[in-house]
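J.: Listed here are the chains, written in short residue letters.
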Amino acid sequence: MKDFILPADARDMGTPARQGAPVTLLIDGVEVTVPEGTSVMRAAAEAGISVPRLCATDSLEAFGSCRLCAVEIEGRRGTPASCTTPVSAGMVVRTQSEKVRRIRRGVMELYISDHPLDCLTCSANGDCELQDMAGAVGLREVRYTAPEAGMVTHFKARNTSGEVNPDWRPKDDSNPYFSYDPSKCIVCNRCVRACEEVQGTFALTIEGRGFDSRVKAGGPEDDFLTSDCVSCGACVQACPTATLQEKSVIELGTPERSVVTTCAYCGVGCSFKAELQGDQLVRMVPWKDGKANRGHSCVKGRFAYGYAAHRDRILSPMIRDRIEDPWREVSWDEALRFAADRMRGVQQTYGAKSVGVITSSRCTNEEAYLVQKLTRAVFGNNNTDTCARVCHSPTGYGLGQTFGTSAGTQDFDSVAHTDVVLVIGANPTDGHPVFASRLKKRLRQGAQLIVIDPRRIDLVKSPHVRAAHHLALTPGTNVAVVTALAHVIVTEGLMDEAFIRERCDWDEFQHYAEFVSEARHSPEAVALLTGVNAQELRAAARLFATGGNGAIYYGLGVTEHSQGSTTVMAIANLAMLTGNVGRPGVGVNPLRGQNNVQGSCDMGSFPHELPGYRHVKGPEVRDIFQQAWGVEIDPEPGLRIPNMLDAAVAGSFKGLYCQGEDILQSDPDTKHVAAGLAAMDCVIVHDLFLNETAHYAHVFLPGSSFLEKNGTFTNAERRINRVRKVMAPRNGHEDWEVTQLLANALLEGTGRPLWSYTHPEQIMAEIAATTPSFAGVSYDLLDRLGSVQWPCNDDHPEGTPLMHVDGFMRGKGRFIVTEYVATHERSGPRFPLLLTTGRILSQYNVGAQTRRTHNVLWHEEDLLEIHPHDADNRGVKNGDWVRLASRAGETTLRATVTDRVSPGVVYTTFHHPDTQANVITTDHSDWATNCPEYKVTAVQVSPSNGPTEWQERYAAQAVQARRILPAAE
Amino acid sequence: MSPEKMVMMANQIATFFATQPGTDGAERVADHLNDFWEPRMRVQLLDHAGAGGAGLHPLVMQAMVHVKRPAEA
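One line per chain: the protein sequences are X and B, in this order.
The UniProt record's numbering puts the last residue of the first sequence at 969; the count rises by one with no breaks.
The UniProt record's numbering puts the last residue of the second sequence at 73; the count rises by one with no breaks.
Incorrect hints may appear among the rest.
If you only want the chain X side, here are some residues facing chain B, beta carbon under 10 Å, derived [stated by the list, open to error]:
#	residue
1	Thr349
2	Lys353
3	Thr818
4	Glu819
In silico lysine-lysine, DSBU-like type, Cα no more than 30 Å apart, as pairs [as the list claims (entries may be wrong)]:
#	chain 1	residue 1	chain 2	residue 2
5	X	Lys441	X	Lys461
6	X	Lys617	B	Lys68
7	B	Lys5	X	Lys671
8	X	Lys441	B	Lys68
9	X	Lys461	X	Lys288
10	X	Lys247	X	Lys441
11	X	Lys171	X	Lys156
12	X	Lys725	X	Lys288
13	X	Lys671	X	Lys247
Hints were generated in silico from the structure; no laboratory data involved.
Note that the structure is predicted; figures quoted are calculated from it, not measured.
Just so it is clear, CB atoms sit at the ideal spot from N, CA and C, and this is done for glycine as well.
Construct the entire structure; sequences and hints are all you get.
T.: Structure below.
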């Protein structure tokens, strides 16, 4: 297990980097040149000189409170703080002199006079900046002691007479992941500033004045848990003492080694240092050189990793003849033989196309590549799909048609150059929290925000962030709203004609301009349909077209509709229309739901295309893989996930290998999914847990967590990040090895060569050799650069942060006519409300991981948000159980009465199998890609006493299906 | 797949291409079906159209001559 070597300069430079003209100065006789605006402290650090400090850290703006960093500057009076003093040309700085040494010792002496001296038993022992600074300034005595009576200290629970010390506060252990111990606090303000500047939540403050000053979460009655704190960990990271400390460190002690790896939650793809003692993970710390997150994190990546060691994890392979039987633990050999025999049997009876594979976008690129290779090269068909089918497949189709590539156009750094942000169908503060923090930072600097969402998401109004416009549209009317925005821009002459003439197909633009200019697309004409105020929509369109750099960020509220692909095209049209493509601060940015949605699509997981988005019908593309794999490749497209289930119900699809994906919980119309799975002869589930799909499985192959394997994830910026193995797989094999074992069990006896990868590096080499956009990617390159954004090839040897800079990938950008077509899913007398679904910060998708962590403290059940009017009409009060029914099915859950949703709209999350929101969702889907229409379901809500019959039956069946026979002695 | 669902899916595709400029709507519907519909689905659709095509959008019917009938399945 080789640790990744951290870049040489992992030091804290004290204050943030600046950009500007070079300025040269002299520090302790060393000449150093830094950008204008850099602090003296940072300049010294650049010269290799460390100035003592407590309140400064390079993730935060300088604050100048501790005065420990005092220096002498020739020609200036006094001893300025080096953190708040910017450099100037020719400055001569002395960081060490008798004078500043005396000042620093004096400052430290005062700090330590109100700090416990329990260093040996302190949880920050060895990782405490206060301790380090006491050493650095040569503190040898503390002369100050608290007076006998009256004011004592903040750290003694009782005074010398044994009376309770009114200035002492007990530890706040309300947060499950970190503790706040006020007795250790030096009031450096770093936590408060981290919450404001880095996270943007403003949950912390300093209350009181002078000696009474202390850090406080929320209002007078709050603790950390009840405050607005989102548990991102930025304050813990910033704290120089043991005041804010991870509970895992308190329990285990300080880590002794670290490995840089990539978070396995959302599509932001944050880089983390996994810090360990031996193979015991102590904590995950966001890596400041990670280019997606720049040192920030959220509650999931930072703290919610405990699932990997959860008792529910299955570590032995299991099989059973019938799904009614209990599971039997068997050896890997027996499980693989059983699986291979069954799959071969199915193919012999029902034909080559009767089996298929599904991968999860949580899997690595290398795993996804091998699984699609398994079906194409071993099963001999194209029946491969990925859960990206049910989230971002319309992005692939829509952006492919308009721009020529199926990917976001920017990197996340781009948001720092944006002037107007349009967020549509996405909820970044919950779904993509670290990106949201970067976005909010830009909004606080003055960028404008337009939100298009049926629900009042947090971004619409949160501390120091106000959306200029919130277009709260009726679910299902995205195309009408975005087309109306284009109508205003075109009819008011606000488009960027020069850009369109140069970069786009002019004829197609003419058609498009004529189409959107029709009066029926005006905001006034569609207001009744969309529920959006026409004046507000016009103002939003004008702002986006004229406000400077305009960037569009969107999520599944765009794609998961029957017109998902059309909305993606409408968004691309809007970006081209306003000239917002091809430079920093602009672009079309799909926020990917899972860590590797981009990568799983890139890797040829879709049934119609080989790696690199090349259709299987192309003989020259098939030839590349036929050469590489030595087999014929089927030129016909395979089955997509919903098609597989339809074919299963029809009896022509009988075998499935499902890696890391829980289709029973995550796919729409649960009853239909269950019927499809029940009709199969061989379902192989490869996962960490006995998930819901496993109720219908015959073979269970235990999986490895992201901590236990090597590979790569590709995030929403097309950034390929390394996943590094930090501990041995608890199940015995990394996931790519399991797929290889299965492939070899199937290949055995066929006379064909077995697979023989020994490291995922070799799989990446095969991807690079066959896929032009990955041609330059290698593990060596990733180790050297940290990460790389595809395309990475001879033209772009270090990758491509921005796409379409000089022209669109397809040549000329295409404007596509986007006619609004109402979904078939309409509210009516039986089902008068529209249900839409989404995610919450603390939970992740089907919750398989986050439900098995302390994150359940924030969200232990799915709740139904309903507007007070609709609740009143139905006699529903806050917290009541309600029955939620659609034409597909019904479930019960508890109601939250809130005006976050408009009248006529209800909202819930889909994190818990007990509620099973997907019993309600229907099998309607996007016209182009079959991406399910999760975001619009006509429903009725009525008071209820508790779980439905279906829920009770399902719970009972789950218990039955999860029985495991005791191992034979 | 149920005939109703298949008809709806095919009609959704036709509805999109019917809104696009040009006279090649039928070919484009057929291209989409050839590119994305697995042989079993195309056979089912072709058979349904052959049997009168109840419920199908006219553009789907016009597209049928361009839809490839798979060799097997």
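J.: Going through the numbered hints above, which ones does this structure break? Give me the numbers in ascending order.
T.: The structure breaks hints 1, 8 and 13; every other hint is satisfied.
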